[in-house]
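Q: Could you put the whole structure together from the sequences, leaning on the hints where they help?
Quick note, the sequences are listed as chains A and B, same order. Counting from 1 along the first sequence, just add 152 to a position and that's the residue number in our numbering. Counting from 1 along the second sequence, just add 152 to a position and that's the residue number in our numbering.
Note that these hints are calculated values from the structure, not bench results. Remember, it's a predicted structure, so these values are computed and weren't measured experimentally. No false leads were slipped in.
Remember, identical chains collapse to one label, so a pair may be satisfied in a single copy or spanning two.
Straight-line alpha carbon distances no greater than 30 Å define the calculated DSBU-like cross-link-like pairs of lysine-lysine that follow:
#1 K295 with K566
#2 K566 with K396
#3 K295 with K462
#4 K394 with K566
#5 K201 with K396
There are 2 protein chains.
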Amino acid sequence: MIFNLGQFNLWFADRMRCHSFDIQHIAFDKLEKWGFDDRFGNLRHTSGKFFSIEGIHVETNSQSLTNWNQPIINQPEVGFLGFIVKRVEGKLHFLMQAKMEPGNISFIQLAPTLQATRSNYTRVHQGAAPPFLEYFRDRRKAKVLVDSLQSEQGGRFLRKRNRNIIIEIPEDEILPESEDFIWLTLEQIHELLRRDNVINMDARTVLSCLPPEFSDSVEPEKDEGAPMHSLRDILSWFTELKCKYDLSVRTIPLGEADPWVIEPDRIFHPSGNFFEVIAVRVEADNREVRAWTQPLLKPCREGIIAFVVKDYEGEPHFLMQGKVEAGNFDIVEMAPTVQCLTGDYRRVADEDRPAFLDFVLDATSESVLFDSRQSEEGGRFYREENRNRIVRASADFPEMLPDNFIWVSLRQLKELMRFNNVVNVQARCLLCAVTPELLAA
Amino acid sequence: MIFNLGQFNLWFADRMRCHSFDIQHIAFDKLEKWGFDDRFGNLRHTSGKFFSIEGIHVETNSQSLTNWNQPIINQPEVGFLGFIVKRVEGKLHFLMQAKMEPGNISFIQLAPTLQATRSNYTRVHQGAAPPFLEYFRDRRKAKVLVDSLQSEQGGRFLRKRNRNIIIEIPEDEILPESEDFIWLTLEQIHELLRRDNVINMDARTVLSCLPPEFSDSVEPEKDEGAPMHSLRDILSWFTELKCKYDLSVRTIPLGEADPWVIEPDRIFHPSGNFFEVIAVRVEADNREVRAWTQPLLKPCREGIIAFVVKDYEGEPHFLMQGKVEAGNFDIVEMAPTVQCLTGDYRRVADEDRPAFLDFVLDATSESVLFDSRQSEEGGRFYREENRNRIVRASADFPEMLPDNFIWVSLRQLKELMRFNNVVNVQARCLLCAVTPELLAA
Chain A
153 MIFNLGQFNL
163 WFADRMRCHS
173 FDIQHIAFDK
183 LEKWGFDDRF
193 GNLRHTSGKF
203 FSIEGIHVET
213 NSQSLTNWNQ
223 PIINQPEVGF
233 LGFIVKRVEG
243 KLHFLMQAKM
253 EPGNISFIQL
263 APTLQATRSN
273 YTRVHQGAAP
283 PFLEYFRDRR
293 KAKVLVDSLQ
303 SEQGGRFLRK
313 RNRNIIIEIP
323 EDEILPESED
333 FIWLTLEQIH
343 ELLRRDNVIN
353 MDARTVLSCL
363 PPEFSDSVEP
373 EKDEGAPMHS
383 LRDILSWFTE
393 LKCKYDLSVR
403 TIPLGEADPW
413 VIEPDRIFHP
423 SGNFFEVIAV
433 RVEADNREVR
443 AWTQPLLKPC
453 REGIIAFVVK
463 DYEGEPHFLM
473 QGKVEAGNFD
483 IVEMAPTVQC
493 LTGDYRRVAD
503 EDRPAFLDFV
513 LDATSESVLF
523 DSRQSEEGGR
533 FYREENRNRI
543 VRASADFPEM
553 LPDNFIWVSL
563 RQLKELMRFN
573 NVVNVQARCL
583 LCAVTPELLA
593 A
Chain B
153 MIFNLGQFNL
163 WFADRMRCHS
173 FDIQHIAFDK
183 LEKWGFDDRF
193 GNLRHTSGKF
203 FSIEGIHVET
213 NSQSLTNWNQ
223 PIINQPEVGF
233 LGFIVKRVEG
243 KLHFLMQAKM
253 EPGNISFIQL
263 APTLQATRSN
273 YTRVHQGAAP
283 PFLEYFRDRR
293 KAKVLVDSLQ
303 SEQGGRFLRK
313 RNRNIIIEIP
323 EDEILPESED
333 FIWLTLEQIH
343 ELLRRDNVIN
353 MDARTVLSCL
363 PPEFSDSVEP
373 EKDEGAPMHS
383 LRDILSWFTE
393 LKCKYDLSVR
403 TIPLGEADPW
413 VIEPDRIFHP
423 SGNFFEVIAV
433 RVEADNREVR
443 AWTQPLLKPC
453 REGIIAFVVK
463 DYEGEPHFLM
473 QGKVEAGNFD
483 IVEMAPTVQC
493 LTGDYRRVAD
503 EDRPAFLDFV
513 LDATSESVLF
523 DSRQSEEGGR
533 FYREENRNRI
543 VRASADFPEM
553 LPDNFIWVSL
563 RQLKELMRFN
573 NVVNVQARCL
583 LCAVTPELLA
593 A
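A: And the structure:
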């Protein structure tokens, strides 16, 4: 257990120093065990495992562009994103791992205790089994606090989900020691979330699912005020959107995903927007496998993910957006107020500007409750960081909202996150930063 | 409003008498506007709307038969199954429709106020708009009590869902009168559920979603006992099953769905099990269209759907089965204790007998709380009725359960039914029959 962030800083700097990594951008034909398959031209691993990059044709009535082609990551297998926690002197402590991913800014970020695809833990690549796996596979070893399948980026992954799981072990149970693991309290994690790119996406999504009763933030005892909308009305709004929006996705050969261009070392959209597919060679000294090559997605622009929040009857409410994304498992998920990841949000033409983008960008400093840069998953995305903001609604914030927006209380969001494919990964990862102290600021 | 079932009986007999219907089994080449398409040999409507019958290849690790081909109904569009209700002298009354469907036993059954596919209400077949549609399309006209997408038979439909919706109108609002509609209380509906094949499947699934606070059954005031398992543990069990079971479904040409045989007037499995695809000509005097032809699925055997129920801390608990079916939207849904629809349940070989089938069949009459025959959807299934039973667990009922079974309280089931694709249609339709009086028997 560590007792202050000074100790953490020393440990973290040490983790960076004592491991060596090297990442090189390579041409696709230099990929080992990866290649474009003969039949569809999709980029796949020779084992058929891990993930592949395929083409899709999308049709939808949910936005002004009603059909397009794009590359997407297809990763049908469900992996574990899991924390082991224990209570020490009444406070939950989370076992975090200093984990290297090839796409990470500064290589190492703090990950959950276990972060493993099924290919990892069934050992397709012949490496060592990930530490602590057995605690998650045999749940009689621990008490389950969180256990749900949660979606990942719908714009980039085809219906991908991971098992977000938190298990609590008894205080007196001693785990094997490892220099790459550290116990942190929620308070410490929240402090680190204010820094850029320290807590990785996988840790953020799992932490966001923690039910309020296990959080040890100091929340004043109070009567629960009625939320602005009942959960019934929110679910009805959600059902209405799922019926209103069509989403049809058909896989197509990657080589036919016009107007995307395949060059020897990148696949890109001629507009310069969205992302590029690239290939990298990785050398690392602390992964199950020491050297490998793989494809990564490289974003073309910095994106922004933001919530507008306001108090209603003493309860914080977040402005949620019902958003259709090509890879969504169930048409619509609840996204943050602003989620603008595809182009340069500072230069969007007036007619295409997403609702509330300007409100979030122009907010005065006293209404900005949270503002940092956070990374997307470094195992699939190359140095992707997005601006993360939480902004308090001003007194003149519009009462009338577009049909696909609704105010949802924090308690309701926690309730909704118990179920699959309701709150999207961008919303979850940003909600993870929310504490009573942050909202009281 | 009617005040006793005697009046209902007269009205219902009258509905049967004053309409005329005729159904004839025809060869596929006598279908009008339906045919086998050139490319895949699937059975489709020329408009591309309504539904189609396609082939699928299924692979799964969830049962002893790990892969097979089968025909399945593909109906991607979401329809409305909706009730208008109003409170009269404090009691909820449901507006039910005497509705003819070609596959119905005795033609007419009681349906929800509105039962319409999107093709129906966007009027692909050029008929009249269904009555009361506008109340459901513009929800400002009413208060929403239920509104969720719920699944249909996973063994027969490919990921089909319908919008189950109940809206309440003010007591003083007068609706246009129609001889085919009648207001019934929940109590009256429950009484009619004890009769065979009166309340149709669509009505049963919607009624099952009614939250307990709107039910006016006399439920004794009591402290809520803790359920046997927390909702967290139930959801974790559910997540575990979704990760444990693989389900891969690929559409294939219907003509390649070996060993299914296509004859001029039926498609069948050589074992004589499962179902047949047939074609019918329908003449009716009270539908939007007066005569038409369509395919139907005809079951080969009577099936059984049953719950084992027991009290725990004064709260009824149902034994739920996590079940994989080929057409499931999300791998696993919670099914009744016994769901045996594919072969003759009275003649299943010992090694293939589903868990608890014998317990349910051999139950003594005092432990059988509910026993009737109920129909599946007559718009798709030809005279399919299944035995519906609820049986009280005996004192020596096994404590140890197979991994895919769990006890869930009635309150928890109602909570789970607020979300999509959790509780399957067979479980919902049987839960619809449960009342405190029934459980107290």
